[in-house]
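Asker: The primary structure of each chain is shown beneath.
Protein chains: 4
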Amino acid sequence: MLFSNPQFEDLKEQVRRFLQHEIYPLEKDLLSKPFAQMEPVLMQKRDKVRQMGLLAPHMPPKYGGTGLSLVELAQIGELLGTTPYGHFVFNCHAPDAGNMELLAHHASDELKEKYLLPLVKGEIRSCFSMTEPEYAGSNPLQMATKAVVDNDHYIINGHKWFTTAAQGAQFAVVMAVTNAQAQAYNRAAMIIVPTDTEGFELVRNLPVMGETGSGYASHAEIKYHNCRVPVTNRIGADGSGFMLAQERLGPGRIHHCMRWIGICERSFDLMCRYAATRQIDQGVMLGHKQTIQNWIAESRAEINAARLMVLHTAFNMQQHGAKVVRNEIAAIKFYVANVLQQVLDRALQTHGALGLTDDMVLAYWYRHERAARIYDGPDEVHKSSLARSILKQYGLDIKA
Amino acid sequence: MLFSNPQFEDLKEQVRRFLQHEIYPLEKDLLSKPFAQMEPVLMQKRDKVRQMGLLAPHMPPKYGGTGLSLVELAQIGELLGTTPYGHFVFNCHAPDAGNMELLAHHASDELKEKYLLPLVKGEIRSCFSMTEPEYAGSNPLQMATKAVVDNDHYIINGHKWFTTAAQGAQFAVVMAVTNAQAQAYNRAAMIIVPTDTEGFELVRNLPVMGETGSGYASHAEIKYHNCRVPVTNRIGADGSGFMLAQERLGPGRIHHCMRWIGICERSFDLMCRYAATRQIDQGVMLGHKQTIQNWIAESRAEINAARLMVLHTAFNMQQHGAKVVRNEIAAIKFYVANVLQQVLDRALQTHGALGLTDDMVLAYWYRHERAARIYDGPDEVHKSSLARSILKQYGLDIKA
Amino acid sequence: MLFSNPQFEDLKEQVRRFLQHEIYPLEKDLLSKPFAQMEPVLMQKRDKVRQMGLLAPHMPPKYGGTGLSLVELAQIGELLGTTPYGHFVFNCHAPDAGNMELLAHHASDELKEKYLLPLVKGEIRSCFSMTEPEYAGSNPLQMATKAVVDNDHYIINGHKWFTTAAQGAQFAVVMAVTNAQAQAYNRAAMIIVPTDTEGFELVRNLPVMGETGSGYASHAEIKYHNCRVPVTNRIGADGSGFMLAQERLGPGRIHHCMRWIGICERSFDLMCRYAATRQIDQGVMLGHKQTIQNWIAESRAEINAARLMVLHTAFNMQQHGAKVVRNEIAAIKFYVANVLQQVLDRALQTHGALGLTDDMVLAYWYRHERAARIYDGPDEVHKSSLARSILKQYGLDIKA
Amino acid sequence: MLFSNPQFEDLKEQVRRFLQHEIYPLEKDLLSKPFAQMEPVLMQKRDKVRQMGLLAPHMPPKYGGTGLSLVELAQIGELLGTTPYGHFVFNCHAPDAGNMELLAHHASDELKEKYLLPLVKGEIRSCFSMTEPEYAGSNPLQMATKAVVDNDHYIINGHKWFTTAAQGAQFAVVMAVTNAQAQAYNRAAMIIVPTDTEGFELVRNLPVMGETGSGYASHAEIKYHNCRVPVTNRIGADGSGFMLAQERLGPGRIHHCMRWIGICERSFDLMCRYAATRQIDQGVMLGHKQTIQNWIAESRAEINAARLMVLHTAFNMQQHGAKVVRNEIAAIKFYVANVLQQVLDRALQTHGALGLTDDMVLAYWYRHERAARIYDGPDEVHKSSLARSILKQYGLDIKA
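Going down the list, the sequences are from chains A, B, C and D. Per the working numbering, the first sequence starts with residue 1, numbered consecutively. Per the working numbering, the second sequence starts with residue 1, numbered consecutively. Per the working numbering, the third sequence starts with residue 1, numbered consecutively. Per the working numbering, the fourth sequence starts with residue 1, numbered consecutively.
Looking at chain A on its own, in the form it has when it is part of the complex (with noise of 0.2 Å):
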């Protein structure tokens, strides 16, 4: 029982059955209303959550969370992956998640108690704000939002998109360039701006595969005109952006990647579900045709093998240390994404005209997560990234 034990088991097991009695039944409702018309339902079943002792699993009790390592927070984040709102509901959704321990790690008493304590307990939502339409999110040293010191403020001037989850959030945690002379990894903060500020714009959510969403399920253009906050506003040191952006990434990668196994292990279930059930001729299942056989045990193989080596990146960043494992977050991270595409869409496939229906959960993760190859840095991105950390070993500075 490699990187669990019976307890802890009990405890996933109590999860499992709780998506499956409370949560799954939602899901065409969840797939076909907007937001606002079931956050109530989804409050309700929160506070279940609450009940169980399990609300925002990932943050330590002094904050009001569950105190999870990060093998087992892991392991849960599995099991809430397999429903769209799983996350939501256990208040450990991104990018509340990340915001939460930003402000954990960085934040003064001052901003936790006013944004930390009540974004743990549920009651508020928050936003990040970083990537910016002109220029590639890629190459995060391009920025051209600026927030100038005008005595113990700052006025903030930006363009962000894909804001997610601003539509309804308290505050957003933006990013910008506050010393454009520093040198290009210490040029820019993270400024929390709460939402009513005069100037905080909310031109549209972006419309994204087809859907522009509302509330938390949604994705933002936003402008920031002249936005005044404190200084003390800032999260860290000044200049201190890119790390805190990067030391968020880390476990914020393997909490994506666990997720995206649990689509895979529900999309896996739903295939074979199908194939075993599904009559094509006289006696004749889907499951007995080789294709769908060989993507049966395709992906059983794959999924087994991207969480394997999610959970053990997760041990070994437990154990040493984010730095340690800087190679192996790029790898998972396109490793699983692709695995990720792959299952899912052998899994529509298998269902045919049916797949393509939002009768069923996997035509919603077919348009929604082929966002996962991108956010978060694209593949190739990974890619060099990890050969270059490679290639430094032999003796080649590719940056050189």
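Derived from the structure by calculation, the hints contain no laboratory data. Just to be clear, a hint being listed does not mean it is correct.
Pulled a few chain A residues facing chain D out of the computed Cβ check, cut under 10 Å [stated by the list, open to error]:
no., residue
1, Lys289
2, Gln290
3, Ile292
4, Asn294
5, Asn316
6, Gln319
Below, a sample of chain A positions facing chain B; criterion: calculated Cβ distance under 7 Å [claimed, not checked]:
no., residue
7, Glu132
8, Ala136
9, Gly158
10, Phe162
11, Met209
12, Met285
13, Thr357
14, Ala371
Glycine included, every Cβ here is placed at the ideal spot set by N, Cα and C.
Starting from the known structure of chain A, fit chains B, C and D onto it as the hints suggest.
Answerer: For chains B, C and D alone, kept in the frame of chain A given last:
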């Protein structure tokens, strides 16, 4: 200038310019607004096509069409495929195009008068009702919809789905079992059922890849409750349903394939354009990256290969008839559908987050053309069927 | 340090150094000279291994081996796999290693004394004679070789091929049908046939991938003409042949997989080394090319995934026995074989024309390890078998 | 009958029959015996080809060839490619075929008389000495071999490898730098060096994929030590070396591609034949397995696509010259090489262990045609070069 000549190149250029100036600029609206709202402007554009003498290019002049040959039609089809409503504007879109061909070849003069002529003129729309949710579409012999003769009428009962464009259509061509005792391939017939027939119930437009759509842009679930239509509404002889479906699919697959190649070319163009102009670092364009270069080169080769295969098949079908190219038809169906998926995937990935938005046409195709590997027979069925035919030449009859 | 500890890491380092200093330098000769010519120097190296106390690491000390656990053995096996004759030098090479395990677990004391002890000491060699040219190896139930009892002897007749290392072996373990009337899986037995038995005909060494080879480095076609051996030469109970073959294959597949991972790591190392040092233009190294970077990154991820899967399987087999990991065994067999092929292909392509020559070890593996996807059950069989086992959990029995 | 006509179909049928009856039966010997031993029988077969009037089909009649057009030649080349020595028997094999074209177009009358005519007659052989071990073949501008003028002679020094068929050749066409100060592409020239010139050292035949080979079937490493040849041995103008190499490669790539398609067709035929006749269980043939069916279908589609692309390129080159098809040439080179590798891999896997033996031709091609993705420019170079040309049309000059 294989498969073409200077005069025909001029015609293609004319179509190309029309699409670029009249239709491409509408795309963003077409992707975001309900069909009903866009229908008037599409109809205005269709008027222009009518004035150009290019309406219904697949139909012979005697019915009001342009009368292009199959090889010419294929090339025009590629151009129309470069934009989501290209075929619609030229009135040669599925399922109406196939229904027109069906009526032209097999309907009585009375039916032609009543249904074919207004279809060709683009005054009415129709739909094609074959697939049933309870049975695998890959095996057309499984079918529960029945048409029972009652004097000189059929009484039709059944449950269909993926009846594309049913909403707003004047009539459906319904595939129904008329003689359950006949040999498997002789059991069914195609019957025209006007959509205002009592008992015709449009249950819902299916939510497909996040969109239920409306009007022409929808896929309906339909129930036929004791629908009563004259026996003279049957198209062709009794028991000819499967034969007609097969006949319909041959050129239909060429049209699909060429439309996909149009999508590929447009996606390729968008990819190259973006690669050449998107800066990712000081003086470094996306196109400087070898991975992007690989995608461009591989896509170019694959699209070229796909087009040659389809035009060659069309050419042979034109010369020697549909039977001779049965194997070729199977091969292009799965081959081109896979090229489509790969090219789209690369084009989308090249655009990063932008590619996920409906500010571009790529995400629309990414989700809607996933169906290409499923409808008209999934890849797996075409591969087995092609292999069966080949192995027969080596003395092995797989079906035996 | 999952699956290891500091002490075992020291042992691995010792093995690593031995291979680098004693065996790698022999490779060019090993690749170009006949086995007989190289055998003496290999035997000298084996003496050194004996002095290090590492001979036959897979065997318990009571038979003269090192007594490593399966998880440890797997890791040593990876190291030995980095060079073509690594396992041979440590006397844990196929097919002798499998024969030793077979004899240790199932042979009579007399047979152990006579055959096992000298095998463990590395004094004699053996072979394993199962596959027949007339029947598909993927279906072991098809078998024509027969052993008929005549008093207290078997009289064996049959035709085998791919009997690896038969030339120079002292005995063959022959799989033969002893009771054709028994249930399919109980028809055969394994019987020791000394190669000097009358009627044992080594027809030829098969030309495999351009090489007929000789001695240990060969694959023989063999005919058994009325070979007469005592019934006591049978290993295990009558009818136990398939069961023993199955038992042999379990750990055997782990050994193969780890050897392949060793090949992958060595190929990866060669690829990176060449990428870092091969200039393709003024100041431009191969490693500056993004395509090469992609190959390095993808290979790194795939090898990591492969190793974790195999070690995890070995760990589970060690903890819970072979039956529990049947599915895992099937998964690693095809998964790792495909990683192997991809990594080898990339490493070879990176080296360009040099990679095709036998001045390097890559071309040797490229041609000889193509067999990895075929022997011990082709990929296709393992996939179907894994899928069958999974679908059974969903209520579908494919075989029924 | 695109690209053909009934008369030419008859010629193809004649060639097909000749190969089947005269050459295929020799294959097993050709794969296992040294070239010198097989040369006499190959020469007898060549006599028959001469009598059929088909010797040197690529050369114009004025030099003694058949004078086929490029499109015809391509189709004959496919047929010859179905067996390893097909081109040799018809005297249109590499590197002699390319050398003949080179001499025909650019050599002086004297050189033609001395070298071209006996080549066309098949009386002598030649080789082409360009690649150097110290430099990446992918960048032809890197070259150390030098030819220094000394009165009316060149003195040549250099180190080459992969000089195919040098053993037994009467002369080499050597690429050497004659003017190191000239612009990069004008530095070299092609010079004829008879192999009996003093200082011509055939260092060794390279061991390639396990075979050093001999005679025509070998690839030599060669050193040129102060080789002295008349300046009149230069082919074409001084500085024209790269231009001539480029010119040589255009049709050369078409010939390679068609030969590969021949290999594909033969492999496909072997695969289907085996699938239809190899029993894997009572009444179950390999061809009943859907995986095998997939391979057959995919291979059929890919080979068709590959052939159309190459013939279309040949057709365009014939009509409009080599420059117009530069992009097409790059595309077919990598596209067809990859189809070849896939089809070969599937055919081999279908045959199981038998496919690994030299009892069949598949393993020979598997190891020797791995070079297809490397010589004449590796895939990666062709892809970048094609992408560069395309991106230029979009305003981005990658090289700038």
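Asker: State for each hint whether it applies.
Answerer: Against the structure, the hints come out as follows:
1. Interface restraint check for Lys289 (chain A): the shortest CB-CB distance to chain D comes to about 6 Å, inside 10 Å, so the restraint holds.
2. The criterion of a C-beta within 10 Å of any C-beta in chain D is met by Gln290 (chain A), whose closest approach is roughly 4 Å, and the hint holds.
3. The beta carbon of Ile292 (chain A) comes within 9 Å of a beta carbon in chain D, closer than 10 Å, and the hint placing it at the interface holds.
4. Nearest Cβ of chain D to the Cβ of Asn294 (chain A): about 6 Å, under the 10 Å cut. The hint holds.
5. Annotation: Asn316 (chain A) was flagged as interfacial toward chain D, and the flag is violated, the nearest CB pair being 34 Å apart, outside 10 Å.
6. Taking 10 Å as the C-beta cut-off, the interface hint given for Gln319 (chain A) is violated, the closest approach to chain D being about 39 Å.
7. At a threshold of 7 Å, the smallest CB-CB gap from Glu132 (chain A) to chain B is about 10 Å, leaving the interface hint violated.
8. Using the Cβ-Cβ criterion of 7 Å, the hint placing Ala136 (chain A) at the interface with chain B is satisfied: the shortest such distance is roughly 4 Å.
9. For Gly158 (chain A), the suggested interface contact is broken, since its CB lies about 17 Å from the closest CB of chain B, more than 7 Å.
10. With a cut of 7 Å, the hint placing Phe162 (chain A) at the interface with chain B holds, because the nearest CB-to-CB distance is about 5 Å.
11. Annotation: Met209 (chain A) was flagged as interfacial toward chain B, and the flag holds, the nearest CB pair being 5 Å apart, inside 7 Å.
12. For Met285 (chain A), the suggested interface contact is broken, since its CB lies about 10 Å from the closest CB of chain B, more than 7 Å.
13. The beta carbon of Thr357 (chain A) is positioned within 7 Å of a beta carbon in chain B (closest approach about 5 Å), and the interface hint is therefore held.
14. Using the Cβ-Cβ criterion of 7 Å, the hint placing Ala371 (chain A) at the interface with chain B is satisfied: the shortest such distance is roughly 6 Å.
The structure fails hints 5, 6, 7, 9, 12 (numbered hints given earlier, in ascending order).
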